[in-house]
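Q: Sequence:
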Amino acid sequence: MIGSLKQILAGIKDLWGRLNPNQRVVASVVLTAVLVGLIFLTSLLRHVNYEVLYSGLDPKETGAVVGALEKNKIPYVLSAGGSTIKVPSKHIHEARIKVAGEGLPHTGVVGYEIFDKSNFGVTDFVQNINYRRALEGELTRTIQQLDEVQAARVHIVLPKAALFRENQSPPTASIMLKLHPGASLNGRQIQGITHLVASSVEGLSPSNITVIDYEGNLLSDGIGREPVAALTATQLELQQQVDSYLERKAQSLLDQVLGPQRSIVRVTANLNFQQIEKTIEQYDPDGTVVRSEQRISQGSTEGGQGENIITNYEIDKTLEHIVENTGNIDKLSIALIVDPIVTDKGGGVRNRSPEEIERISTIVKNAVGFVDGRDQFEVSSLPFDRSHLVREQELLDKAAKRERRNSIMHKLEKVLILIVGLLILNLILKKIAKAVDLRRVAATSRAGADEQKRLEIDKKNKMLIEASNIARQKPYEAAKLIKTMLEES
57 MIGSLKQILA
67 GIKDLWGRLN
77 PNQRVVASVV
87 LTAVLVGLIF
97 LTSLLRHVNY
107 EVLYSGLDPK
117 ETGAVVGALE
127 KNKIPYVLSA
137 GGSTIKVPSK
147 HIHEARIKVA
157 GEGLPHTGVV
167 GYEIFDKSNF
177 GVTDFVQNIN
187 YRRALEGELT
197 RTIQQLDEVQ
207 AARVHIVLPK
217 AALFRENQSP
227 PTASIMLKLH
237 PGASLNGRQI
247 QGITHLVASS
257 VEGLSPSNIT
267 VIDYEGNLLS
277 DGIGREPVAA
287 LTATQLELQQ
297 QVDSYLERKA
307 QSLLDQVLGP
317 QRSIVRVTAN
327 LNFQQIEKTI
337 EQYDPDGTVV
347 RSEQRISQGS
357 TEGGQGENII
367 TNYEIDKTLE
377 HIVENTGNID
387 KLSIALIVDP
397 IVTDKGGGVR
407 NRSPEEIERI
417 STIVKNAVGF
427 VDGRDQFEVS
437 SLPFDRSHLV
447 REQELLDKAA
457 KRERRNSIMH
467 KLEKVLILIV
477 GLLILNLILK
487 KIAKAVDLRR
497 VAATSRAGAD
507 EQKRLEIDKK
517 NKMLIEASNI
527 ARQKPYEAAK
537 LIKTMLEES
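Per our numbering, the sequence shown starts with residue 57, numbered consecutively.
Because the hints were derived from the structure by calculation, they are not lab data. Any given hint could be a false lead.
Below, simulated DSS-like cross-link-like pairs (lysine-lysine); rule was C-alpha separation at most 27 angstroms, straight line [said to hold, decoys possible]:
(1) K457 to K490
(2) K470 to K154
(3) K470 to K486
(4) K129 to K116
(5) K490 to K467
(6) K454 to K129
(7) K234 to K127
(8) K387 to K305
(9) K146 to K467
(10) K421 to K129
(11) K216 to K154
(12) K116 to K234
(13) K470 to K490
(14) K387 to K129
(15) K487 to K146
(16) K470 to K454
(17) K454 to K467
(18) K127 to K116
(19) K146 to K127
(20) K467 to K457
(21) K454 to K127
(22) K334 to K421
(23) K334 to K129
(24) K486 to K305
(25) K146 to K129
(26) K457 to K127
(27) K146 to K387
(28) K154 to K127
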């Protein structure tokens, strides 16, 4: 291909050198027109028709949707001040599926704006349904303002009014939450969400609200219970926090030593929530001190005198009031699973030795504060399932291959456009050169014809001059020749 390009460029240079200035001007104009046409044609071929993906988004929602599109490498343009997102028509369905898979957009709910347009003739049933939809939408928008919440759905059941109060069913509600990766809600936040919904719906009690996450886990367990039950839920939450804290400490060390996804640590802490108060009062009989002493002197007229001494002693006493803290660790149960396969730096594979597993166990024990005789520790060496890693690597390889293919296609497109332009330029210059050659041949032919005609005229003139000279010099012979020509004719 490089040799062909060199030949084409050499031919173009040779043809350009054979052109005169006027012809070069014409060739430059034609070449410019061809290049402009190629650019216009390329722009038409590369023109992308964009369609609206979402509109009316707030800046936060726009940023989230744009992040999802960039993550999936889908081109987009923003309009209407950033509230409208457009994508190419061929990617519109793919973009909606990918963005919906991320739980976006969050603002795709109907609120009280459903009543902005008043429709006459709407039945009470439709009006009640619209009111419930608006209430659910407004509560959804409010809950989604929490930093931990990525998406939310609210469903409210408003029973019909009964004739008698004892037959009236209470309203109920259910809330489904999708949290951001790594985020979590504590009991106070769940309780705040339930009270928010209960305060927004007439007659709704927090105990009639169910909160779950996208995995079906019940989050509202313990909300609305009696104080004792609520305290139990708080204790359970504290225990889970202690478990997670100890697990993170041990897992972070193992990940740095063994590498990620090479070990699993689980810790269960039994906490003592009994609140004990002690009052200790101790006496030391040997440690007596004089607290007070009273002396009374008495005299008489006979000259006698007496003295009465009263001494009060204080026994040494120690008073202690001890309040033991709650939440102390009574016992730790630690489970450790280690991948038995080890990959050396040279690429070799071997099994972990018992000494190595023992050292790993010691690291975990020191990280969580293991106490012999109190805590329980169990370690196992089991192979890990890495089939999901293989699938992820296959997906990454496919994406990289597709990216390389697209890059090669873009480069080939540019090379083809260049080659087509050079070929067109070569054809144009050849036509111009051919026209120049034809003009030169025509000019040469005309010059030859003129010379031949001039020679014939000169020959005729010469013959006339010679005949005139002969007639003057030999008139008798000339007359005889003319007579003979007339007789023959």
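Q: Of the numbered hints stated earlier in the document, which are not met by this structure?
A: 1, 2, 5, 10, 11, 13, 14, 15, 22, 23, 24, 27
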